[in-house]
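Enquirer: Note that the sequence shown covers residues -30 to -1, 1 to 921 in mature numbering (1 follows the signal peptide of the UniProt record, and there is no 0).
Hints may be right or wrong, so weigh each one.
Label pairs and their calculated CB-CB ranges [what the hints assert, rightly or not]: (1) L601 to G726: 30 to 40 Å; (2) D671 to L776: 36 to 46 Å; (3) I84 to G239: 26 to 36 Å; (4) E275 to V437: 41 to 51 Å; (5) Y801 to L776: 33 to 43 Å; (6) V437 to D362: 29 to 39 Å; (7) T317 to D529: 20 to 30 Å.
Bear in mind the hints are in silico, worked out from the structure with no lab data behind them.
The beta-carbon is built from N, C-alpha and C at its ideal position, and this holds for glycine as well.
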Amino acid sequence: MIVDKLMTMGWLYKIICILLMGHIAHSTGARRGGERHQSKTTYSCEGTELHVGCEEGKVIRLIRANYGRFSISMCNDIGNTDWSVDCISYRSFLLMQDKCHQKPSCGIGVSSSIFGDPCPGTLKYLEVQYQCVSPSFFTSTTRKSTILTNSSSPKDLDSVPDTTLGTVLETSGDPDATVPATSPSSSNTTSSSSTSTSTTTTTQKYSQESVSLVTSTSHAFTEPSTTERPTVASIPPNHCPPITMNDIHWNWTRAGTQAIHRCPGGATGLARWQCADDPVRWLTPRPDLRECRSGWVINLKKRIESGESINNVATELSLMTYIKPLYADDLKDIAEVIQQTISRGITEMHDKLTDVWHRYHVLRELLQSLVETISNLLKQGTTAWNDLTSTDRRRVTSSLLDGLEESAMLLAHSSGIEDSFTLAEANILLSVQVLSARAQAPLQFPVSDDFREVSDTAWIRMEDTLVLPPQILMDISKHGLAKVVFVVYSGIGDLLKPEPGFALRSSKGNSSWRINSKVIAASVGKSGNTKLSQPVIITFRHLEEENMTNPMCVFWDFDSRDWSTMGCWVQASNTTHTSCACNHLTNFAVMMEVADIKEVPVPSDVLHVTITVGCGICIVCLLATVIPIFLLRSLMGDSVTVHRNMFFCLLLTEIVLVFGIERVSTPIVCAILAAVLDYLLLATFCWAFLECFQLYVELADISQPQKSRWIWYYALAYSVPALIVTVAAAVDNESYGTDRLCWLRSDNYFIFSFIGPAVGIFFGGVVFLCVAACILYHHSGLTTTIKGKEEAKLTKLKCHIRRAVLLMCLLGLTWTTGLLYLHQETLGFAYAFTILNSIQGIFILLFYCITDEKIQPELERLGECSLLGSLHRSKGHLPPPAALSPGSPGQHSVGNPCPPLSVCTHSPSGGMSGSRKPNQARKLLCQPYFHNTRSPIYHINQQPHPGEPYG
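Hey, can you work out the whole structure from these sequences and the hints?
Expert: The following block contains the structure:
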């Protein structure tokens, strides 16, 4: 009985103990029940608002918040499969924590303007995981945190981006030191306040091999602490620092290794970035994304190949290229999609789109989508173009240009009435014109009517124009309608840069060339190589004005996929504009040489004015020299013939140089002017050669009477240059005239067809001049008595040789600088040629006209006759010029002739006068000019009486 009672009391004791322990456990669980509260998850689609709330007496404890897309099915009513599912905004948790943490309810708008746009083009949503807990949960006492580690694979680290908030980096001498860092998607971050928070700490262990080899994740609850977290971060040595580039977060990467990530935005392939080791840095400015390929582009290729509507594909293509990032392979695929779309459009236009109205609007919608797409591809700063090789870039760009032109011509051919359609995007202005071919006025693009529906003011301010002559419209018309397509591209010149060494005629070996204008295209549906009956005129506004020189009119050759100058030439150019003329239609632009920064570019009109001034001075002096030589027929001799023709050829050369050197608008006329200038310069040098030869002949046979050789001189001086020019033109007539000047080309060495003969002729003259100087020196050294007449001739020839030496020096220097200026139009060469050319003209006027011993007496005689005539008419006692006798027997001169003395003594009545006034007039007129007159010899019966004048 007692035993039974004791046994019963034992069991009762056990039951009481169990119940007591259960009560203690229950009480402990109640105090720590925050760890086991039920989690709730909610989401809201982009464009809506997310509301989070707890029941009365509870507050929100945030666990996770992610804005982006992680599932293809969420917020996807249309079933799009091309959206990225690897999309996260790292600001999500921090923003939601500030908005909702420890609050009974909260609300926030789901928008990329708040959270950022981690994946453009993808519809995103906000997902939030939270618990409703008692406010006392956050006010419990501080306890030391317990860390429970849970290892993860090394590759998980790349998916855990770094953040500066709540991150502690610790390094020590141990290579295996760990670096904890919080994730943006963690529960929350370590707080420096006195409240307890729940944290997720990601520990990164650095090793000698890689910075991201070991990772571990731990979850813990921390109790209130007054200890502040460390804020100073130490950087691991020999590692490239973390950076976010191309929507990818690149973590610490050891020098000498390559970081690899999946391509962003749901694209296929891998992104790579090399970390260099000397010095430690990212090797390139941006990652290598050449392996990336967008899934939506691949999907569009499959859809167009499967026969989906071309307008649906084109519309989606224009939308996706606007909102989606592009990669190098995407550009290739898009070019293929455009070409397939146009091919389908051509086929459907003939087979399916039989209704004219329906066909026109379908093709119009297609053209609009393609214009938007290509304009998006030309956006400034598109890095995908830089990832393409030069060959691929040219091929893709050529395909885009050709595709847009073909699509526009499809629309033009689908219209059977006069119509005008204009499209303007950020980088493309397009106009389709269907107009009557009977128009008499030239067709200009753009015109003000093209901008009626254009809101982009950049195109309204455009200064580029293209003018199509009316004859071309007649040539291309069909059924009385002419159909023309005009396009202007902005930014395409940066994609089609000239290859190094493009312009062989560049004056500098290391010069670079650049497209310095918009690209303007015109098409009439014919081949771009078809020659037009009249040239089309295009005026370009330079994109850059400083340090740009040597404009060239070029067009894009689709066959060679390069710029070409064939069939285009510069009409006019200044600092801001260049006017071009081309005899065919295609895509045109202006290419200019990038001048040395140290050189100041000189406007072409300044150079032209400078050259014109020098040539003008020379022309005036030559005219003043040539006119007396031609009019004074009393001037005889071979030397006069040489001077007359040499100065006349030089005068014609100066005139052609001023008025014809820049007539490049008409290639045929320009070539003729170049050949004429070549011929005149060679003829001038030939006559200069004969001048030296004539001096040699006069000295060689000084005692013999001279034989006239003028027939041989004419034959030699005019036939040799004609033969040289004819042979040069027969060899290469295309090299007469360039796109800058009407002169000989220098890039193919054709200029030496002039330089070679000119140098030979010049030095031939120098040789004869040297021989003549030697002969003169020999004669002057003779001890034998030389007759007075021969002595005077030697003195005269000595002056002629000195004059010829100066003339040859001036001719050589002047036209050497002239050739240098024609080759390279610089201000230095222009000034040198102007100064030397002016000196040359003044020298010829002074020494071959004013002071010449043959021309000077004739000019003085004309002056005296004019003076005597005026005196006679004013005084009434001097005879008129007609009464002057040609000579006087009373005086004989071996020097300069003197007017007869009897002229000054005759009275109007014919008698003699004893007055001294006629004698004074005679002395006044004759004595100051002549000093070598010998005393007259008289017969006894002819001796004058004292006071009687000579007569």
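Enquirer: Is the distance from the Cβ of I84 to the Cβ of G239 consistent with 26 to 36 Å?
Expert: holds, 31 Å
Enquirer: Check the following: the C-beta atoms of Y801 and L776 are separated by a distance inside 33 to 43 Å.
Expert: Given range 33 to 43 Å: violated, Cβ gap about 21 Å.
Enquirer: Could you see if the CB distance from L601 to G726 stays within 30 to 40 Å?
Expert: Cβ of L601 to Cβ of G726: about 37 Å, so the range 30 to 40 Å holds.
Enquirer: Verify the CB-CB distance for V437 and D362 against the hinted window 29 to 39 Å.
Expert: With Cβ atoms ~35 Å apart, the hint holds.
Enquirer: Please check whether D671 and L776 have a Cβ separation lying inside 36 to 46 Å.
Expert: violated, 25 Å
Enquirer: For the range 20 to 30 Å, tell me whether the beta carbons of T317 and D529 fit it or not.
Expert: holds, 25 Å
Enquirer: Using the C-beta atoms of E275 and V437, is the stated range 41 to 51 Å upheld?
Expert: holds, 43 Å
Hint compliance for this structure: hints 2, 5 are broken, all remaining hints hold.
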